[in-house]
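A.B. asks: One-letter residues, chain by chain:
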Amino acid sequence: MLKTFAMGGVHPEENKISTNAVIEYMPVPAQVSVLMNQHLGAPATPIVAVGDKVKVGQLIGEAQAFMCANVHSPVSGTVKKIEPVRDAFGLWKPAVIIDVEGDEWMETIDRTPDIKRECTLEPAQIVAKLKEMGIVGLGGATFPAHIKYSVPEGKKAEYLIINAVECEPYLTSDHRVMLEHAEEICIGIDILRRSLNVPHAYIGIENNKPEPIAHMKEVAAKFDGRLIVEPLKVKYPQGAEKQLINAITGRRVPSGKLPIDVGCVVSNVGTTFAVYEAIQKNKPLIENILTVTGKKLASQHNYQCRIGITYADIIKHSIGELPENTGKVISGGPMMGKAMSNLDAPTVKGASSVLVIDQSEAVRAQETNCIRCGKCMNACPMGLEPYLFSALVKNGRIEEAGKHNILDCIECGCCFFSCPANKPLLDEIRLGKNKMRAILAAKKK
Amino acid sequence: MKLLNVSGSPHVHSDESTKKIMWRVNLALVPTLLVAISYFGLNALLISLVSVAACVLFQWLIEKFIMKVPTTICDGSAVVTGLLLAFNVPATCEMVWLVIIGALVAMAIGKMSFGGLGKNPFNPALVGRVFLLISFPVQMTTWPRPAAKMFGSFITDTTTGATPLGLIKEGGAEALPQAWELFLGHMGGSLGEVSAVAILIGAIYLLCRRIISWHIPVTFIGTAFIFSWILNITGVSPVGPLTAILTGGIMLGACFMATDMVTSPMAKSGQLLFGFGCGLLTIIIRTWCSYPEGVSFAILLMNAVTPLINRGFTPKRFAK
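Protein chains in written order, with our numbering: chain A, 1 to 445; chain B, 1001 to 1320.
Please note that the accuracy of each hint is not assured.
The calculated lysine to any residue pairs, modelled on SDA-like cross-linking and capped at a C-alpha distance of 25 Å, are [as the list claims (entries may be wrong)]:
| hint | chain 1 | residue 1 | chain 2 | residue 2 |
| --- | --- | --- | --- | --- |
| 1 | A | Lys217 | A | Lys257 |
| 2 | A | Lys403 | B | Lys1320 |
| 3 | A | Lys235 | A | Val262 |
| 4 | B | Lys1019 | A | Val363 |
| 5 | B | Lys1320 | A | Pro152 |
| 6 | B | Lys1020 | A | Leu388 |
| 7 | A | Lys156 | A | Gly225 |
| 8 | B | Lys1019 | A | Gln359 |
| 9 | A | Lys423 | B | Lys1268 |
| 10 | A | Lys156 | A | Glu180 |
| 11 | A | Lys423 | B | Leu1207 |
| 12 | A | Lys16 | B | Glu1016 |
| 13 | A | Lys16 | B | Leu1207 |
| 14 | A | Lys93 | A | Ala312 |
| 15 | B | Lys1320 | A | Gly256 |
| 16 | A | Lys394 | B | Lys1068 |
| 17 | A | Lys81 | A | Arg117 |
| 18 | A | Lys233 | A | Val219 |
| 19 | B | Lys1268 | A | Asp408 |
| 20 | B | Lys1268 | B | His1013 |
| 21 | B | Lys1316 | A | Gln31 |
| 22 | A | Lys257 | A | His200 |
| 23 | B | Lys1119 | A | Lys156 |
| 24 | A | Lys316 | A | Pro123 |
Okay, the calculated bits of chain B under chain A, using three or more residues with CB under 8 Å as the criterion [to be verified]:
| hint | segment |
| --- | --- |
| 25 | 1011-1024 |
| 26 | 1093-1101 |
| 27 | 1113-1125 |
Just some of the chain B residues that point at chain A, by a computed CB distance under 10 Å [unchecked claim]:
| hint | residue |
| --- | --- |
| 28 | Glu1063 |
| 29 | Ile1211 |
| 30 | Thr1263 |
It is worth saying that the hints were derived from the structure and are not from the lab. Idealized CB from N, CA, C, for every residue including glycine.
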């Protein structure tokens, strides 16, 4: 019996149509906009001025707050402007805009293709380097890695879990990275494992990826049993942190707590590749792997691209222009990704895909009465009652929704996905969560 | 520039819809309908058609002229109500027009007065059926005997006789047919409740389609079986457990009416209690009340406590 999480979950159509597209290198664009907050927390502070020359990998945004991450230049050239730009979802974010000139890298970065296996850094040095290199979690939340790997006083890490589940439909960047960079990933994982001082790291991969499982097992075998590949039963949202911890360890993260409270640290497999490059090659987080996919696209791609390139540039290079009846362009997967409103916006560290959805699939069906079928409840991986939240939030009974643990919701979308009445359950729950947080914040004051 | 759609996630849907669910329930009722026609002849077909047409028409009229909302008759739920109502009446000529009254009560009082599909606390077909039973007790308990053995002929035998439960009430339990005959449906009864086989075929389809879960039917039938077995061995009732579950409306009620999503509890744990309550009440009514059959009342009573069950029985929370 393959492991999986305890309750709920759905099986959306997988649509992994870009699985066989080898990772290509995206050409460097003429201009990039580097956002100063590409991570969870406070924005980094720009430390360059207009007119400054920068090199690839040079620090341009410094983490001065606690919850913050360094930002490096992904290109070489001249700083043109330092001003807010609109991100892909229409919000203004502080940014450094750089005109590209050539491709001159910092000398400290090891650009040779050789794999560097030895690492003698102490745990504290590893964490310091993660901070220096601006590493953040690439699974979605972009949590600064140096904070995650500094285990707080009084807590102990017992499990390092690597999230290679990629349970979102369409996305294939993790799949490709595992096939093409398995050894680097494993070195990265081993470094993280050592920084936490735990004996084993568990790599969770869903069973619908036989090739990556076989390949990762083969490579992980060279690490004397320290890295364990754990095939998992296919079920969305297995890649959600709490669900993955539950699937692999059987433990449950209590409400409002962090994985470390149950002795777990979870990192995305894409992050571990960035960790390898940062620790072993001195390369800051300036590139990420993006899937460009969609049923109606003429070709499917996986790219390694410089962070800060605009989505419009990616689309232009990969598919020319969007198909005629494009309805939505999504950053991330179709279950949890965000629909973009502004394709002239730059990519950020956590970007994982450009998913093009046809108009016919982009429009929601007509909402009808709830028939109390309970599908939302059975699909909820957190054991909540989405139908109830919907009614309570609509009627302004936010505190009551809070009593029914609305804040436990991980926004996986299983409820809305399975609702036969097409009720926008998650929209209402998000509204309720925001209002509930506001109520709690007001009470604290 | 072309504008893009923006909305919150998720951006894909399972493609499940109320309409699909309701039409699948209708499909699941087809074997029962076919058996009814083969047993009771054209009367059964006519009653079913009139009942369905009346339910759909009443819903349309109410939505168009009273509620003034776009019609929802295409969702198939009125057809489900129509079929279930027809399945709950005897296949006599009088029922062809009486069922129209039942349909009016089912739709107007049972369903639309609460706001339509999803808002009704009681199973509309049972509301219509119980109204008919109370208002027309003679017509509702005049049972034609099934004529054909199995899909044999369309010619009906007009003789009437008691249902097995009626026989039991009158103290004639020894005249009961064999259990296997009951299983196939060789007995008097409402037109949709006689053949357990046909009902089970439909129920298995619904289980496979995940429209119903096993919780309500199994606990309903199981409770009725165990409770009537206890009453039987203690000498309280002459009816054996197998006869108890194969006669009357238990099969139809447990598989198609107690499982109505709208009026049954949502959590699995609540559904177990609901099924238990239905089974227990059915046997209590059969054994100690003046009515020979108690399925309709049992389900309606449990419908009434469903909101309470929903409050008390919620899913187990993942994160404590």
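A.B. asks: Evaluate each hint against the coordinates.
C.D. replies: Do the hints match the structure? See the list:
As the CA atoms of A:Lys217 and A:Lys257 are separated by approximately 32 Å, the hinted pair breaks the 25 Å bound. Simply put, A:Lys403 and B:Lys1320 have alpha-carbon atoms about 13 Å apart, close enough for the 25 Å limit, and the pair holds. Restraint check: the Cα-Cα separation between A:Lys235 and A:Val262 comes to about 23 Å, which is no more than 25 Å; the hinted pair holds. With a CA separation close to 18 Å, the supplied pair B:Lys1019 and A:Val363 stays within the 25 Å bound.
A C-alpha spacing of about 22 Å is found between B:Lys1320 and A:Pro152, which places the hinted pair at or below 25 Å, so the restraint holds. The straight-line distance between the Cα atoms of B:Lys1020 and A:Leu388 is roughly 23 Å, inside the 25 Å bound, and the hint therefore holds. Using a Cα cut-off of 25 Å, the hinted pair A:Lys156 and A:Gly225 holds, with the two alpha carbons roughly 21 Å apart. Among the hinted pairs, B:Lys1019 with A:Gln359 is consistent with the structure: their alpha-carbon atoms are about 23 Å apart, no more than 25 Å.
A hinted pair counts as satisfied when its Cα atoms are at most 25 Å apart, and A:Lys423 with B:Lys1268 qualifies at roughly 22 Å. Restraint check: the Cα-Cα separation between A:Lys156 and A:Glu180 comes to about 33 Å, which exceeds 25 Å; the hinted pair is violated. Our distance criterion of 25 Å between C-alpha atoms is met by A:Lys423 and B:Leu1207, whose separation comes to about 24 Å. Between A:Lys16 and B:Glu1016 the alpha-carbon distance is near 22 Å, which keeps this suggested pair within the 25 Å criterion.
Taken as a hint, the A:Lys16 and B:Leu1207 pair is broken in the structure, with Cα atoms around 30 Å apart against an allowance of 25 Å. Taking the CA atoms of A:Lys93 and A:Ala312, the gap is about 18 Å. The hint holds against a cut of 25 Å. Our distance criterion of 25 Å between C-alpha atoms is met by B:Lys1320 and A:Gly256, whose separation comes to about 10 Å. Proposed proximity of A:Lys394 and B:Lys1068 is supported: the alpha carbons are some 23 Å apart, at most 25 Å.
For the hint pairing A:Lys81 with A:Arg117, the CA-to-CA distance comes to about 40 Å; that exceeds 25 Å, so the pair is violated. For the hint linking A:Lys233 to A:Val219, the alpha-carbon distance of about 22 Å falls within 25 Å, and the restraint holds. In summary, the hint linking B:Lys1268 to A:Asp408 is supported, as the alpha carbons are separated by about 21 Å, within the 25 Å threshold. Among the hinted pairs, B:Lys1268 with B:His1013 is consistent with the structure: their alpha-carbon atoms are about 24 Å apart, no more than 25 Å.
Distance hint between B:Lys1316 and A:Gln31 is unfulfilled; the C-alpha atoms sit about 52 Å from each other, more than 25 Å. Only pairs whose Cα atoms come within 25 Å are accepted, and A:Lys257 paired with A:His200 is accepted, the gap being roughly 23 Å. Distance check on the hinted pair: B:Lys1119 and A:Lys156 sit about 51 Å apart at the alpha-carbon level, beyond 25 Å; violated. Of the supplied pair hints, the one linking A:Lys316 and A:Pro123 is violated, its CA atoms being roughly 43 Å apart against a limit of 25 Å.
By the rule of at least three residues with a Cβ nearer than 8 Å to a Cβ of chain A, the coverage given for the segment 1011-1024 of chain B holds, with 9 such residues. Coverage of a stretch by a chain is defined here by at least three residues with a beta carbon nearer than 8 Å to that chain's beta carbons; for the segment 1093-1101 of chain B and chain A the count is 0, and the condition is violated. Using a Cβ-Cβ cut-off of 8 Å, 5 residues of the segment 1113-1125 of chain B lie near chain A, which meets the minimum of three, so the contact claim holds. Given hint, B:Glu1063 at the interface with chain A, is violated; its Cβ is 12 Å from that chain's nearest Cβ, farther than 10 Å.
For B:Ile1211, the suggested interface contact is upheld, since its CB lies about 8 Å from the closest CB of chain A, less than 10 Å. The restraint placing B:Thr1263 at the interface with chain A holds, with a minimum CB-CB distance near 8 Å, inside the 10 Å limit.
In summary, the numbered hints that this structure violates are 1, 10, 13, 17, 21, 23, 24, 26, 28.
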